[in-house]
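Q: Based on the hints, put chain B in the right spot on chain A.
Those protein sequences? They're chains A and B, same order as listed.
Using numbering that gives the first Met the number 0, you'd call the opening residue of the first sequence number 0 and step up by one each time.
Using numbering that gives the first Met the number 0, you'd call the opening residue of the second sequence number 0 and step up by one each time.
Don't take every hint at face value.
[Stated by the list, open to error] Straight line, CA to CA, 25 Å or less: simulated DSS-like cross-link-like pairs of lysine-lysine:
1) Lys260/A / Lys410/B
2) Lys69/B / Lys128/A
3) Lys358/B / Lys347/B
4) Lys435/B / Lys61/A
5) Lys299/B / Lys171/B
6) Lys55/B / Lys347/B
7) Lys69/B / Lys260/A
These are computed hints drawn from the structure, not numbers from a lab.
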Amino acid sequence: MSGIQNTWANRVTDRGMLYLFLIPTFAFLLFLVVFPLIWSLYLSFCDYSANTANSPVFVGVKNYSFLFQQEDVWERFVATGQFVLLAVIFEFILGFSIAMLLNREFFGKRILTTLFILPMMFSPVVVGKFFRFMLDTNWGIVNYILGALFGIPKIAWTTSYEYALYSLVITDVWIWTPFMILLSLAGLSSVPRYLYEAADVDRASGWFKFRYITLPYVAPILTLALLFRTMDAFRFFDVIYVLTEGGPGYSTQLVPYYIYKLAFSYWHTGRSCALAYVLLIIVIALSNIYINYLNRVRRA
Amino acid sequence: MRKSILLISVVFLVIGLIGDAIAQEEVTLTITWAGWAPMDTLIALAEDFTAQTGIKVKGDPIPWPQYHDKIFTEFASGKTSFDIVLPDSQWLGEAVVGNHLVDITDWFNQHVNPADYYDTFVKSFCEYPDGSGKYYGVPGLGDFCGMAYRTDLFNDPAEQAAFKEKYGYDLKPPETWSQLRDIAEFFTRPEQNLYGVGLWQAPMPSGGLTDVFLGCLWSFGGELWDPETKRVKGILNNDIGKEVARFWVDLYQFCPPGSTNYGMDEVNTAMQQGLIAMMTTYLAFYPGLLDPDLSLYWDKIDFCPTPKEREWWVQLGGQGMSISAYSPHKEEALKFLEWWISPEVQWKWAQAGMFSCLKSIVEDDQYLSFAPVNKVARVSYPVLRDYWEIPEYNEMGTVMAEILNGALLGKYTPEEAMDLIAERHEEILERAGYYK
Chain A
0 MSGIQNTWAN RVTDRGMLYL FLIPTFAFLL FLVVFPLIWS LYLSFCDYSA NTANSPVFVG
60 VKNYSFLFQQ EDVWERFVAT GQFVLLAVIF EFILGFSIAM LLNREFFGKR ILTTLFILPM
120 MFSPVVVGKF FRFMLDTNWG IVNYILGALF GIPKIAWTTS YEYALYSLVI TDVWIWTPFM
180 ILLSLAGLSS VPRYLYEAAD VDRASGWFKF RYITLPYVAP ILTLALLFRT MDAFRFFDVI
240 YVLTEGGPGY STQLVPYYIY KLAFSYWHTG RSCALAYVLL IIVIALSNIY INYLNRVRRA
Chain B
0 MRKSILLISV VFLVIGLIGD AIAQEEVTLT ITWAGWAPMD TLIALAEDFT AQTGIKVKGD
60 PIPWPQYHDK IFTEFASGKT SFDIVLPDSQ WLGEAVVGNH LVDITDWFNQ HVNPADYYDT
120 FVKSFCEYPD GSGKYYGVPG LGDFCGMAYR TDLFNDPAEQ AAFKEKYGYD LKPPETWSQL
180 RDIAEFFTRP EQNLYGVGLW QAPMPSGGLT DVFLGCLWSF GGELWDPETK RVKGILNNDI
240 GKEVARFWVD LYQFCPPGST NYGMDEVNTA MQQGLIAMMT TYLAFYPGLL DPDLSLYWDK
300 IDFCPTPKER EWWVQLGGQG MSISAYSPHK EEALKFLEWW ISPEVQWKWA QAGMFSCLKS
360 IVEDDQYLSF APVNKVARVS YPVLRDYWEI PEYNEMGTVM AEILNGALLG KYTPEEAMDL
420 IAERHEEILE RAGYYK
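Okay, chain B solo, but in the shape it has when bound:
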């Protein structure tokens, strides 16, 4: 009896060891990203990579609101469950300072031609610090802030006539922020449960008020700081800054009531349910707006860029693709990056309706037919701009979002809000040692 038990144990042990050895030979790369359509598309495309290399790929999607904290908590623990990560552009500094991403400078210089991409994508997704020539990722998703609007309202002859009579110019997607205000005012009809515009107003640095407000600030001619001295006072809160804050607070009267917590989900829902005439969002969220199962107006929505004013700047979104410094499969991950940046894969990515960062694709007229948002991408890419790409961005963005959110509800006047933000930003930068 004892001999039988011993024999069975040995057999199981041998099978276990062989199985383990086989399993060790099979590499599976784990990619983490937010749980959204681009992630699903990437994982579906990665089947081609597996077919070519034998390296399996699986996705670990995380809901957007938890995405930053989840990956950085793993980074801080010194061990990550993922090999490849697609961090938001502004997270790059935070991740690099913590030594959490693999420095791929040599590989990058051999395999990537920065001229193939729009400048902002390379600077914001790959290089840190700016101009250092040190690279930590490749361009991933070329997302950006854009607008969606209801064509049934904008193309209605009666609405067009009424608008022209009231404002003296044609009703069409807003080209300037001032026009956006007029149109928002025109469509604000609480008695019909319709409001002019849905804006991200949530007091959050990513996925909240800061994202959309900055496109407006820059387009009016405002600035966040002096990039050389990092001084904020007198720049962010100058006359233009305060003018933009007044404009922003004034605009809130044309947003749905209680929309100071609007972020990506809320503003999409408001559009899908017909509560608003137009909205701003990162346009990679567009599939939900055109899904007949989700949207009552799926066939009555079109897209346009965020407006100009005195200048024209559009807030950058999107992510680069980087390798976790704690990944045991760095070589395989580099192979994946090489596969990812190949023009063939990028074409497939674009054909699936996703934003490619490759100039040659974006500027090809075929690209316009792949998704209704691509025409907006093409005109927005040359004027993309990103905010503070330093590790303190999160605190600075939060301060801005929280104080302006308070201003929307009357806690501060717009002028007080901008003064307070400038003061708090300098305190944060001072503590971080930027003023020596």
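So here's chain A without its partners, still in its complex pose:
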């Protein structure tokens, strides 16, 4: 048997190998994530249009101050807040409730669970199109059923100020409630059975078992689910694009959609970057609130 050959590969130390694997990954991340982040942050302080050959001109906080002075930008933030609040609350309540129902043995449980989870697997654009057809004022099946069963006159779900935002909420709830179901089920299945058995021996009420056994166990994972959904709801774009297209007026132009319009319809690249950073700061602040709560729950 010959000895180990003195090749280049054999001379690489463990630490060297570590760097060999890490450096390309870091370089890739720097190029694809960190550089665009820094560049877009710089552009947010510039007067710049990506549609022209002109270089960015540094204008300080002008883009930010402009955005904060626009009443319609505030209206878009309010609409975004309403959407996030309503969508996440409904998804949470529905998702957790359905998970509670599914967290027991019964015939057809697996098929039912799969069916409940299906909506999450569809492309949001496809779902948006489906809902656009279903919620159509004149030939949508929703108005047809409401009219046939209850005699309710045609509702302009996606084209009236009263209902357009709710049509987005309904669509988002349909798509993402399964996510809440999945995470809630994961949390619920982690609660030890013997705790419930002990509570039964003590004749504890259903509410007592839920409040003092179930909730403490599932709270961390529910907080995580809420965190993910809140962050994601702030990025809600694709369904708006196909369902309401931002209308009526600009009432359903939530901030991500408006960022897109600023960037690619009006070519105010600097201003759109500034608005994207404002949104990012809001999402980070909200995430911190969740994370602090999560840490407190864990410590408790």
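A: Here is chain B on its own, set in the frame of chain A:
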């Protein structure tokens, strides 16, 4: 064994290099346009071009709603997947300011006689800025805003008698916007699921409310701005502007409920399904209305121009044909443009039922037999008008469409809407540096 592997590798390498060299000699021009009947027709016609020149042509159709953003995102990246593009007339300024289109002025002056075309097509599809003598494209599709109406309703003797009794004049395609309102009112019968008129009301600058509203505004005698000073306040929102806004909001009661998001697809569907008695659209969309597979009323539809009022102006649609500044095949693309503008090709284009921009074709009586919309094209072309052809058009059009869309639903009064639009337009123009 090693020698065999080496030999096989060399053979593959040589074949690859030869194949690549052959592929490099073969030029394929890519044309991008919206995915609609004119695109299919153009690509089918281009087979003749390939037969003549050996240059292959392929189409890259994009759905209308994504068309603008897709091509301009590619422009912004400095590399395009297409060589030839047919941009909407109002996009020309935006594309030229970004240096995204090839300046073909010298070629244009040698090969194109502007007098062969209607003025508006040359000004709006080819020249930027207006009157500069700098050209970036050739006339492509001469589209325009027109109307379609249900002949089974309009020609029904009982309907005609009832209409005459109520309004005191004959029921026929509307010649004025006031008549359009009467007819729309007459046919609005929610109990029969029938509404008077379908209008583009979507809050979008292209393919939405702005397109149709402006034909109405101009025909009432309104104006968008002072083209010299670019001032808007006191012009757009003067008494006439506010009168038109009131008229437009009033007209909405005769449109199908929930139709504030109507654009090209929605209004076509409403007509195909018999929900409306008449509609406005860009008439290049007419094939879908006459397709028996799509339309329940395919044999009961005819076409007429958008109405007059105190004046007569029709909103220009259509596109010119330009070359991407990032195309590696500019010479071949110019050959295509030369082939495209030849009268023989334009005749074939017209015979296929498409709108030609050549006066000699449009004014030839044969042209009327090629498509039922051609009679409308002939009378509309002399009164075509386009809106702001400046890079800020998209933001200005969006502001107008969004605010008027809000007025339809009662968020603003028509007067408030026009005041607000004028104010916002001046803000946009101010920021863009038009007031110095």
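Q: Taking the hints in turn, state whether each one holds.
A: These are the hints, each one checked on the structure:
A hinted pair counts as satisfied when its Cα atoms are at most 25 Å apart, and Lys260/A with Lys410/B qualifies at roughly 22 Å. Under the criterion of a C-alpha separation no larger than 25 Å, the hint pairing Lys69/B with Lys128/A is consistent with the structure, at around 20 Å. Among the hinted pairs, Lys358/B with Lys347/B is consistent with the structure: their alpha-carbon atoms are about 15 Å apart, no more than 25 Å. Restraint check for Lys435/B and Lys61/A: the C-alpha separation of about 20 Å stays at or below 25 Å, so the hint holds.
Between Lys299/B and Lys171/B the alpha-carbon distance is near 14 Å, which keeps this suggested pair within the 25 Å criterion. Restraint check for Lys55/B and Lys347/B: satisfied, since their Cα atoms lie roughly 19 Å apart, inside the 25 Å limit. With a C-alpha separation of about 13 Å, the suggested pairing of Lys69/B with Lys260/A holds against the 25 Å cut-off.
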